[in-house]
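Colleague: Okay, here's what each chain looks like letter by letter:
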Amino acid sequence: MNVQTLFEGENIKKLLPQRNPILMVDTLYSADDVEGVAGLTVQDDNFFCEDGIFTEPGLIEHIAQSASAFVGYKALQSGADTPVGYIGEVKKFRLMKLPEAGNRLVTRIHIMSEVMNITLFSAETTADGQVVATCQMKLSV
Amino acid sequence: MLLGSYFKIENTEVEGSEHRFDIALNRDHKIYGGHFPGNPVCPGVCSVQMIRECAERAAGCRLRIDSLQSCRFMAVLTPDNASRLTIVVTLADVQDDRVRLTAEIRNGADVCVALKGEFGKH
Chain A
1 MNVQTLFEGE NIKKLLPQRN PILMVDTLYS ADDVEGVAGL TVQDDNFFCE DGIFTEPGLI
61 EHIAQSASAF VGYKALQSGA DTPVGYIGEV KKFRLMKLPE AGNRLVTRIH IMSEVMNITL
121 FSAETTADGQ VVATCQMKLS V
Chain B
1 MLLGSYFKIE NTEVEGSEHR FDIALNRDHK IYGGHFPGNP VCPGVCSVQM IRECAERAAG
61 CRLRIDSLQS CRFMAVLTPD NASRLTIVVT LADVQDDRVR LTAEIRNGAD VCVALKGEFG
121 KH
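Chains as they are written, first to last, in my numbering: chain A, 1 to 141; chain B, 1 to 122.
Because the hints were derived from the structure by calculation, they are not lab data.
Don't take each hint at face value.
Unchecked claim - The list that follows gives simulated cross-link-like pairs (lysine-lysine, DSBU-like), each with its CA atoms no further than 30 Å apart:
(1) Lys-13/A with Lys-121/B
(2) Lys-121/B with Lys-97/A
(3) Lys-116/B with Lys-8/B
(4) Lys-74/A with Lys-121/B
(5) Lys-138/A with Lys-116/B
(6) Lys-14/A with Lys-121/B
(7) Lys-14/A with Lys-116/B
(8) Lys-97/A with Lys-138/A
(9) Lys-138/A with Lys-91/A
(10) Lys-14/A with Lys-8/B
Claimed, not checked - Label pairs and their computed distance ranges (CB to CB):
(11) Gly-52/A with Ala-92/B: 37 to 45 Å
(12) Val-111/B with Ala-80/A: 17 to 25 Å
(13) Asp-22/B with Ala-80/A: 36 to 44 Å
(14) Lys-116/B with Gln-130/A: 24 to 32 Å
(15) Arg-94/A with Asp-93/B: 16 to 24 Å
(16) Asp-93/B with Arg-19/A: 39 to 47 Å
(17) Arg-100/B with Val-131/A: 20 to 28 Å
Cβ atoms here follow ideal geometry from the backbone N, Cα and C, with glycine treated the same way.
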């Protein structure tokens, strides 16, 4: 399957200030006004992996960086610098299953509101196609 | 994951359901190499993980973060402005298979992180 991507590999670093060992997004698939999709393949040596399981903080960081990459992409498109995003709040986080090393994570970000410098969004993350977590988050940029 | 490398516990006090942990951050931890290069800032998710590891001590078992009603980050922590912190975990409802809890991370008198969630035992 040939999937179109906007940014991947080394290029993703143009959208995010995070670097290894805490870079938790490797692809931005798509971005429109309110919805963006980003992904990560969980490597064995991922900082947040324990005994081959990708743990909760890694999952939350991946969601935050998915949104950050999406917001960064929109900033680049409008000619602005990519902003540094901080998590302001995690709400309604629900974990269904912890992903495993080797899984492909795909996270769909839906922006609910953008007021001043606070972006509120909802997120759903799948691991190899199965929903593993949902949440809302406020990102300060 | 982080206890012993990212942070260490210097003192523990228990009063009823409230567990207080005085902790010190290790500013030489490798995570700061990526968050952010030349500008060390504590990742919010590492604060969540510290709470989980302290909660595991309080509950006496491994815990999985099944749900977070809310986790608010009121201040940006750095290993320089917050080398010493207090983590307060309050076990609100302990069942056989899960525990509901609230937790705060305090920097002096300031509450920097406030979490409310349900953690599964395993």
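Colleague: Taking the hints in turn, state whether each one holds.
Modeller: Okay, the hints, checked on the actual structure:
1. Lys-13/A with Lys-121/B: Outside the cut-off at roughly 37 Å; violated.
2. Lys-121/B with Lys-97/A: holds, 14 Å
3. Lys-116/B with Lys-8/B: With a Cα-Cα distance of about 23 Å, the restraint between Lys-116/B and Lys-8/B holds, given a limit of 30 Å.
4. Lys-74/A with Lys-121/B: Status violated; Cα separation ~41 Å.
5. Lys-138/A with Lys-116/B: holds, 16 Å
6. Lys-14/A with Lys-121/B: Distance of about 40 Å is beyond 30 Å: violated.
7. Lys-14/A with Lys-116/B: Answer violated: Lys-14/A to Lys-116/B is near 34 Å, above 30 Å.
8. Lys-97/A with Lys-138/A: With Cα atoms ~23 Å apart, Lys-97/A and Lys-138/A stay inside 30 Å; holds.
9. Lys-138/A with Lys-91/A: Holds, because 8 Å separates the two Cα atoms, which is no more than 30 Å.
10. Lys-14/A with Lys-8/B: It is violated: about 34 Å lies between the C-alpha atoms, which goes past 30 Å.
11. Gly-52/A with Ala-92/B: 37 to 45 Å: violated, 32 Å
12. Val-111/B with Ala-80/A: 17 to 25 Å: Violated, at about 33 Å.
13. Asp-22/B with Ala-80/A: 36 to 44 Å: Between Asp-22/B and Ala-80/A, where Cβ atoms are some 42 Å apart, the hint holds.
14. Lys-116/B with Gln-130/A: 24 to 32 Å: holds, 27 Å
15. Arg-94/A with Asp-93/B: 16 to 24 Å: holds, 18 Å
16. Asp-93/B with Arg-19/A: 39 to 47 Å: 40 Å Cβ-Cβ, so the 39 to 47 Å window holds.
17. Arg-100/B with Val-131/A: 20 to 28 Å: Taking Cβ atoms as reference, Arg-100/B and Val-131/A lie about 24 Å apart, which means the hint holds.
This entry does not satisfy hints 1, 4, 6, 7, 10, 11, 12, going by the numbered hints stated previously.
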